[in-house]
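Place chains S and F on chain C using the hints.
Going line by line, the protein sequences match chains C, S and F.
Using the numbering used here, the first residue of the first sequence is number 1, and each one after it goes up by one.
Using the numbering used here, the first residue of the second sequence is number 1001, and each one after it goes up by one.
Using the numbering used here, the first residue of the third sequence is number 2001, and each one after it goes up by one.
Don't take every hint at face value.
The calculated SDA-like cross-link candidates involving lysine to any residue, where the alpha carbons are at most 20 Å apart (straight line), are [unchecked claim]:
#	chain 1	residue 1	chain 2	residue 2
1	S	K1005	C	Y230
2	C	K217	S	L1003
3	S	K1241	S	E1178
4	S	K1042	C	M209
5	S	K1225	F	I2023
6	C	K217	S	K1225
No wet-lab data here; the hints were simulated from the structure.
Being a predicted model, the structure only gives us computed values, none of them experimental.
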Amino acid sequence: MQQFLQGNEACALGAIQAGCRFYAGYPITPSSEIMEKMAEELPKVDGVFVQMEDEIASIGAVIGAAWAGAKAMTATSGPGLTLMLENIGYAIMTETPCVIVDVQRAGPSTGQATKPASSDIMQVRWGASGDYEIIALSPWSVTEMYEMTIQAFNFAETYRIPVFLLADEVLGHLRESTRLHQNIPIIQRPEKTDLPPFGNYADNCATPMPLFGQGRKLSVTGSTHDEWGYRLTQSPSAQARLINRLCNKIRQDLDKISLFETYFLEEDTEILVIAYGFTARGAFTAVKTASQKEAKIGFIRLKTLWPFPEKIFSNLPKAISKIVVPEMNQGQVVREIQRFTNCQVIPYNKTDGTVISAKEILEKVNDIK
Amino acid sequence: MILNKYLRPEVFPTPFCPGCGHGILLQAVLRAIDELSLDINKMVFVSGIGCAAWIPSPHFAADTLHTTHGRPIAFATGIKLFNPSLKVVVISGDGDISAIGGNHLIHAARRNLEITVICANNSIYGMTGGQVGPTTPMRAKTATTPQGNPEPSFDLCGLVRGAGASCIARATVHHTRELIKYIKKAFTHQGFSFIDVISPCFTQFGRRNKEISGASPAEMILNLKKLCVHVKSSDELFTFKQNDKILIGEFVK
Amino acid sequence: MNKWFSIIINDNFCKGCAICVEICPKDVLAMSKDANPSGYLLAQVIEPQKCIGCMECELHCPDLAIEVISLKDATISTRK
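Excised from the complex, chain C in its bound form (with noise of 0.2 Å):
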């Protein structure tokens, strides 16, 4: 099914098609399309919409609606997402499934509303407080903003984690020709379970989420627990053992979870830009200007940026030397790049509120060589 759809929107019927029958948010620019949109959807698919008094009730309502049975959902842009952060780190310790969109904004503070950035990278991975592993989707156009709103709910079903799908601004309100794939797979969650709520120890994994009202008296808590919800709060052991299990959750399937695409990579490549988001969109083009001029450069774009696509950095190609990371941002994805690699990484930042362009890219890359 092709559609001339904005971002936001696009963002909202994937949600609808991954099976969301719960929203709650609260208005904030630029990512307020999505609620508008999945105000008028839900009520056609026997959902529930409900605007809350501010962010922090909106994830609430999001995490009780998930075990009361929904598949949840919230939208919001960076200082909302702030508010949330309690709750969210409420969301990974109680193992809640939910999807946090974020449309970036640029920051600090209420900073330009309307203008975009990719400055809330670091704020998803570690804005909650303690130790935990998390999952972030970057889309780079509007069909993906549909698809990666499925993938992050599979993602959720599949983790009992809450996901995050890192739009920005530009993404969230550019119209294009968007493909509506009607059969991408749904993770369902079981109708019911009778596995421990909190987690399989032996293989460091989530169960199957549980709900309430089955009579299954389930004990759920933000306070450290074991698999059957009961607080321990003083014994080293059920904390240790807790915290691992979140991670190793998420760390054991990074193949399945840290998705990237590469183009124009051979043998002899040289240069290597890696981008992702909306200025994944000016890297490629810059790329392939290059590539045709015979430069031997490539192009990695990061579909995932949480857990971070390692992997990437297992088989480059041998004469890679220089790796150009474009970001709207003072340099945050770039400093996970440097943890991996020996190669010479160039950062390109630009945080004035517009995006990275193609020919912006390309006089980087020419410098550099």
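Positioned in the frame of chain C, the structure of chains S and F alone reads:
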């Protein structure tokens, strides 16, 4: 004991201090459920952070959601809206519900969301060591007001009425039979119901304010009888105090 | 006078707060000098025959440690 079927016996004795009012409230809630013959498997108990949050979690053998500080009403909103067949009960402390979570309280009341909020009001932050709260009486001594509280306290019943709540009561853990009656009324009310339950904390409040509380937890509970006055008309309920007396009673729209 | 009520105190739950002792209108209960394994001095029944079954002690026990059992039905059946 008739309440055993609603309890997780393995978590007893409770973690509450000797003489804590919260244990009395704990059994009052279960007695109300028993007297109404409610199916506890179709109830969800949501609490925040603090001593009062431990009333349902883990003591109640039911679905319990022990949330973040101040946010139980927000979580409860999601549960109730998605599955209206569940009876959703919030039990949390005065600091949790009226200070950090005050915004959610007034908005749930405004929506007339069909949940019951039971505020275990001990007028202090107990678990963190006895700091002043929005419900602490003026002049009372706390860990953070060693010279006496300079601020007036909150009338929570008046607050939720202003916000639109349709069933409101104030009771104490001394007046247990009335407390059970009000909880039953709240559980059967169609719309938002709120009960402000005066539940003394001797460890953190009483110890520092013996001139009003008495010398022991038992005295503090018994003193409630002298401290409280039943309202004559339900409108009077919306003044927390009158001549240093706490007004108790019910208001149903 | 027949004994109509029996009061059972759970020594493992009791924390010795003495609310039951203070609230009992008939002085049925008193604090003992014996401590439970947690170190709390326990409430005990000293004059069970005075109990009128008002349930105040059970309703006010914060630790759910008291149960008042009515022996009325059993007594009636023996009378029959």
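Structure-based check of all given hints:
| no. | hint | in the structure |
| --- | --- | --- |
| 1 | S:K1005 - C:Y230 | 18 Å, holds |
| 2 | C:K217 - S:L1003 | 16 Å, holds |
| 3 | S:K1241 - S:E1178 | 19 Å, holds |
| 4 | S:K1042 - C:M209 | 18 Å, holds |
| 5 | S:K1225 - F:I2023 | 11 Å, holds |
| 6 | C:K217 - S:K1225 | 37 Å, violated |
Violation of the numbered hints given earlier is confined to hint 6; every other hint is satisfied by the structure.
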